[in-house]
Amino acid sequence: MSPEKAVREVSVTIDGNTFAVPEGTLVVEAAKHLGTQIPVYCYHPKLEPAGLCRICLVEIEKMPKLQIACATRVADGMVVHTSSAKVAEARRGVLEFLLLNHPLDCPVCDKGGECELQDFTMSYGPGESRLTEPKLHKPKLVDLGPTIVLDEERCILCRRCTRFDDEIAQERTLIVEDRGFKSLISTRNGGAYASYFSGNTTEICPVGALTSKAYRFRSRPWDLNHTDSVCTQCSVGCNYRVDTRFGRVMRTFTRENPAVDDGWICDRGRYTFNYLYAPERLRAPSIKRDGGRVDVTFAEAAVLAGSKLAEAAARGRVGVIGGGRLSDEEAYALQRFAREVLGTNNIDYRTHAQVYASPSRFGARLTDIDDASVILAFGAVTPELAPILDLRIRRAVARGHAKFVYMGPYRPAFTIETRYVKLQRGTLPKELDDLGDAVRRGAGQPGGSDVATIASDIAAAKKIVAIHSGEDAPSADAIERLVETLQQSGRDAGILVVGATGNARGAEAAGCVPNLGPGYAPVSGEPGMTTDQMLAAAADGRLDALFVIGANPALTFPDGALARRALKRVPFLAVADQVMTETASYAHIVFAAASFAEKRGHTTNLEGIRQAFAAAVESPLEVRTDAQIIGALTLATRRGSIGDDPTTLFAELNAAESAPRAKTGGGALARPVVTGASAPIAVPDGALTVIPIPHLYAGGGAAAHDPGTKPMRPEPYAVFSPSDARRLSLDEGARVKLSGASGSIEVSARIAQQVPDGSVLVLAEMPEAPHNLLLDASGGGWANVEVIAGAAEAAG
Amino acid sequence: MPIEPVLTKGFGSLDLTDLAVYRSVGGFAALTKALREMTPDGVVAEVMASNLRGRGGAGFPTGKKWSFLPKDGRPRYLVCNSDEAEAGTFKDRMLLENSPFNLIEGLVISAYAVNAKRVFIYIRGEFLAGYRIFQKALAQAYDAGLVGADILGSGYSVEIVPHRGAGAYICGEETAQLNSLEGKRGEPRLKPPFPANAGLYGMPTVVNNVETLMYVPHIIERGAKWFASIGAEKSPGPKVISVSGHVMRPGNYEVPLGIPMRELVMELAGGLRPGRRVKAIQPGGGSSAAIFEEDLDVACDFDSLAAKGTMLGSGAVTVMDDTACMVRCALTINRFFETESCGQCTPCREGGQWVHRMVARLEAGEGSESDLKILTTINRTITGTNLCVLGDSIMPFLSSVYKHFPEEFHDHVRLAGCPLHARSESAA
Amino acid sequence: MTPQRERRGAELVAKYPEARSALVPFLQYCQAEDGYVTDQAIADAAELVGITPAEVESTASFYSLLFRHPIGKHVIQVCRTLGCMLGGADELREHIRTRLGVENLETTADGAITYEEVECLAACDRAPVLQHNLEFVYNVTPEKFDSLLETWRRESPAAALPAE
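Protein chains in written order, with my numbering: chain H, 210 to 1005; chain A, 13 to 440; chain V, 28 to 191.
Bear in mind the hints are in silico, worked out from the structure with no lab data behind them. Please note that the accuracy of each hint is not assured.
Said to hold, decoys possible - Quick list of in silico lysine-lysine cross-link-like pairs, DSBU-like style, CA-CA up to 30 Å:
{"#": "1", "chain 1": "A", "residue 1": "Lys415", "chain 2": "H", "residue 2": "Lys344"}
{"#": "2", "chain 1": "A", "residue 1": "Lys385", "chain 2": "H", "residue 2": "Lys391"}
{"#": "3", "chain 1": "H", "residue 1": "Lys391", "chain 2": "A", "residue 2": "Lys203"}
{"#": "4", "chain 1": "A", "residue 1": "Lys385", "chain 2": "H", "residue 2": "Lys274"}
With the sequences and hints as input, model every part of the structure.
What follows is the structure, encoded as C-alpha cells:
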C-alpha cells in the first residue's frame, strides 16, 4: 500500500466533549469515538451517505435546522448535540412515522431481537402510542428469488439493499419502484434477485423486510451461539460467524475483516452448510463388500485402511492425493503421513488444472486491488471463483481509478467494464513478454493492438495487480517476468493466484506437493509423483494403493477418463470426504470426514493470510476430522505417530516453516514441480474445442448436495457461438451429446455471442455431466456434437 | 400603482411566437448588445446590479447565483426550469406559450454570461403545447443565427436542448430536475455538493426559472438601474403574479414587486363576488401559509411576506372567500403533497401521507379530536426534517388555517361534517 | 429494436452529453408508438442507454405520465388541486366518474378512456380544468364535458400521450 496521506485533524465538540478527528469525518462516525451511538437506518459505513431516513438528525450550533449526522462532515470548531430535546423530538417523530404503517408483527418476525426498528423504538421512541390509524397494506411474502423473501410492509425504504446492489455489487437489479408512500423495493417485473451477493442484503436490512429463505422461522437471535469461523468455499477466506442452536448450524453471518472480505460474503459461502444435515452427508465410514457398501465403525475402517496402505508403502507403490480442502494443520499432518509413515514423496494437493497457488515472487495483497490503476486477470474468472475478490475489483473500477483487463480463451460475463483480450491456448507467455517489451520501450498506444493498448494503460499506472488462475506453469513464469519489468520501471506491481480450492495455498505452504516440504523447502531426495503421474501410474497398474483425502479428482482432474481409470484400477483406494463423491464411489474404504464447522484450525487464503477458525458444532459419532483420520491411519500402520491435536500440529507447522531452507535465486519461493505442459491439441474436422467454464454453484461433493444452494445450481449446459449453433442446427435449450477422445456427456445447449466460433464452453464440475471426460491431462480437449432432442422436445 | 408591462407587453394583441413580430418590438436587441458590447462578466455585473431575484420560488439573487460557478475550466451548464407545477402558479406556462423568443433571448444572454455551451430547458411534461411552441420558435431562432454556432458573428456558440418532463412536481426542485435530466428518478440530491459545483453530469450548473431568465434581456437593454428602480427596494422589478380562486378576474398580472395584496386582489383581479369577503389567501402557491382578511395590506414581495410568516414563493395568489371550507381547501393541498412526495425521506413520505389521511377523515366528517391534537404538533416533526423543502411545504397552509379558524376544524368533528356545507344546505 | 426505433433512439441520445438523458424522451416516444410503455420498450431503452432493464423500470415508475400497462386511446386528466376545487372540480370529478363508470386511474370497460385525477395543471385562472390527451380544456362544466365526450368518442387519436 502507498503511504497514507497526512490528514488534517479538526476539533469537534460532541455532547460537551471536545476532541480531534480527521477532517472530513462524518458526524455519525465522530460520535463513535465517544462511544455515542447516533441511531441510523439508511446510513451504512460501506455505502455512500444517502440522508433518507432522517433518524440521525442532530443539533449543530449555528445551524438553524437540525442536520443529519450521516452526511454532515465535521468542520473545525463544530459543536454538536446528539440528545437535546429538539433532537429527541425529531427522532420520536421519525420513529412514529416509521411505525405508522408497520405491521408490528414482531412475534413472528425473524429480525426480532436484532431489529433496529425495535431497538431504536425502545431507546428513542415515543413513550405512548397515538397510532390508531388503520395500517396501509403492501405486498407481503414477495418472492425475490432463490434466497430471499421480502415483506414490503416491514420495509422502511432505507434503500440499503438497493444501494448495496448499485454501489457494491453494481448489478442494479434490485430497485425502488413507484414513488412517495407507494414506493416498493422490487425487481423488474417480479423477476429473481439472483445476485451472488444477495444474502448480504438480509444482513444490512435494518428491519425484517428482507429475510433469508434458509433461515426463516428457524431461530431467535438471542438463542443462537456464535462461533468465529472462516469460509472455506473458495480461496478468499472471508471471515464469518457460524450461528448455532442446539448443536446445529442455523446460519452464517459476516464478520468483517477489511483486509479480506470488507464485510461481505457471497451466497455460496453463506448458504453452503445445509448439506451437513442432508441425507447425502456421510455419517459413518463404509467399506465395499459384495458389490455394495456396508457401514463400519471408524476404528474398523482405520485398521483396515492402515494395513493396506502400509503394505503398499512397503513396496514403495503408494500415493496420497489431497490437502487443498484440509486445514493447514491437517495438510501438514497429511504430508508427514506420506513422507514419514508411508515413506513417499508421492503427495499432491493439485487435483484441478491449477499447477500452483503461491506466487514465488511479488505476491500481492487483496487490498492492493483497492488502489490499483490496472488490474490484469489471466484466466481467473473471479465472479465465479472468488466472488468477494471480484467485489473489490468492481469497486476499484467503479471508483474510476482502475482499468480491468481480462485475458482468456473466451469473454466471461463481468459486471464491470472490461478490456478483453482473446487468447489462443498456450499463447499467454508470448503476449505477456510482448507486453513487457512494450512497457520497457514505452510503446504504449491507446486504441492500438491489444498489447499496445494495455501498455498505454500501464504507462499511466502507478500500481498493477495481476490475477492468475494458477493454470499453466509457463504462464506463471511469464507473469512473474512481466511484474518484474513493471517493478523495474518504478511501478508497484504484484500477483494474486486464485486457488482452485479453499486452502490450496495452505496445502502448498504445508508441503502437500511432491518436491516441497513445509515452508516451500525442497525435499531431500527425489521428488515424488505429481497427481498426473500418480493417476497414470495407478491406471497402468504401477501403484498398489491411493489415499485420497478431501479431493474429488474423478470430477476435477483435467483428464477425467484417466482419473476414473486409475481409481477403478488401483488395488486399494481409501477416500475421506463429507459426502459420497464420484471419487469416493470407487473407494474400498470411505471415511466420513468432519466439516469446517465441526473442527478447529487454520486456513490460508490466496494472499497467504493464515486465519483461525473454531469448531461450532460437534460432528456425528462416527465422523472424524481429517487430522483424526490421518492420526488413526498412522497408528494402524504401526509406522510412526502423528498427533491429531490442531494446537500441536500448528506449532509443529510453524516450527517447520521457520526452519532455514534453501531458496531459489532471488529469494523466490520454490514452485511445485509440474509434469506435462499444455501443448496445442489437434482438433478433428467438425469438432469443437472444449473450454471448461466455472460456475459459482457448480462442483461435486458438498456443493452438489446442499439444500441451501440447490435452487441456484445450474443444470449442466454447454454454450455455442451463434454460427456454430446454426451449423449444427441446434436451438437454445436443445439436448446435445458432446463426445470427446475418451468420453461423452449430455448437456443442454445455450447460445451466446461471446463464444468464439469453433469452441464450445462446457460447464465444469457437474457430476451429472463431467466436463473432464472431454479433456486430456493438460486440460485440452475437443468434442463432436450430436443433437439428441430439439429445444421443444427437451422442454417437454 | 400599475406599471407598463415588461414580459407581458403585447400579450393578447401581438403574436409574439412569430420571430418577425418579436423583432419588430425590439426583440434580440439586448442579445446584440450583450454579445457585441459586453463581456460575460459585464453581463453578470449588470444582472447583479439589478438585484433580480429568482422568480421560481426561492427569491435568490440571480447574479449572485451565477457568480458562484467555479472558474476551473470544466464545462458548465445552464438549465432553465420550466417545470411549473406549484399549486396555483400558471405564469411560466403563459410566458412560454406566448413569448418563446423572449425566453430564448434570455437563455442565450444568460448562457453567454455564465459561459455555458449548452442549455437545457426542462419543460413540464403536461405542457405539450408549450413544448411545441418552444420547439418551433427555437427552430426559427437557429435558422436566424440567434442560437447555435457563432451567434451574430460574436464567436460565441451555444446549443439549446428542450427536454420534456414526464409527470412529477418534485422535478421543479433543482437537484431533482438535474437527476431527471440525467435520465434518473427525479429525486432531490443531498447538498452539498451544490449544483454550482457539481450539478448536471457532475459539472458546474446554474438552474434558473423561466420568468427570471426572461427579465435578463430587458435588464441588459434598459439597464440595471431601470430594473432596480421598480417596486420594492430589496425585491425590485416587475413580477408576474398568478391570481386565482374566488376573484372576478383570475389571471396573470405583471406588477411591481411590493404591490399591496389588497390592490392586486381587489382592484387588478376584480375583487370578490358581490357580498363575499376574503376568508384566506395563499400568497405564494400551495406551499405557503395563508394570510387573512386583516393582512390584505401586506406588500407582495419576498421580505414583507416572509415577515408575515409566509412567502411570495413563485407568485401564486389563491383567494378563498367565505364560502370556502378550510378543511376541504387544506385537503387539496395535503393530497397534493402526498401524491408528489418522491418518497425518499421518512417524515415527508410517511408524515405527509398521515396528515392527508387525517385531513381527509376530517373533511368526510369522520375525524376525531385526537386527529386534531396530532395535527397541532406534527408540524414540529415534519417541517425542517427532510432532505428537500417539499416536506416543509406540507404543513404551512394547514397549520395557518387551523390556527386561524380552529372552530371550523372542531365543528367538522362535532357535526361529523362540514358546518359551511350544512349551512348552505339549510339555506337552500 | 425496430430500425425506426433505433434511429429515433440514436437521435435522442445525440442531443445529450450522456446517453442516459435520452431515457425518458425515448420511453415517451415508445409510449406514443405502442400506447403504453411495454416490456419491450423497457428492454429497448436499457439497450439504448446502457443501463439495466431494472434501472429503466425504476426510473419509468417514478413518472406519472409514463404508463406501464395498457391505457385508453383517450386519457382524461382532471385537476383536483385548490384552484380547481374552488372552481367546482370536486363536483366535476364526481360527474365524470359517474358518467364513465370508473374510479381514478381506471379505464372504461371498452378500453377507450382512461381517467385520472391529477394535481395542479397550471391553468387555475380557468378552473376547473382538464387535459384530454395532454390538450387543455378550460372552464369545464358537466355539460361541457358531456358534449366533449361525444366528440372524443368519435375521434381516433394516433396517440393518447404524444411524445412531441
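Against the structure, the hints come out as follows:
1. A/Lys415 with H/Lys344: It holds: about 29 Å lies between the C-alpha atoms, which stays within 30 Å.
2. A/Lys385 with H/Lys391: Answer holds: A/Lys385 to H/Lys391 is near 26 Å, not above 30 Å.
3. H/Lys391 with A/Lys203: Holds, at about 25 Å.
4. A/Lys385 with H/Lys274: holds (24 Å)
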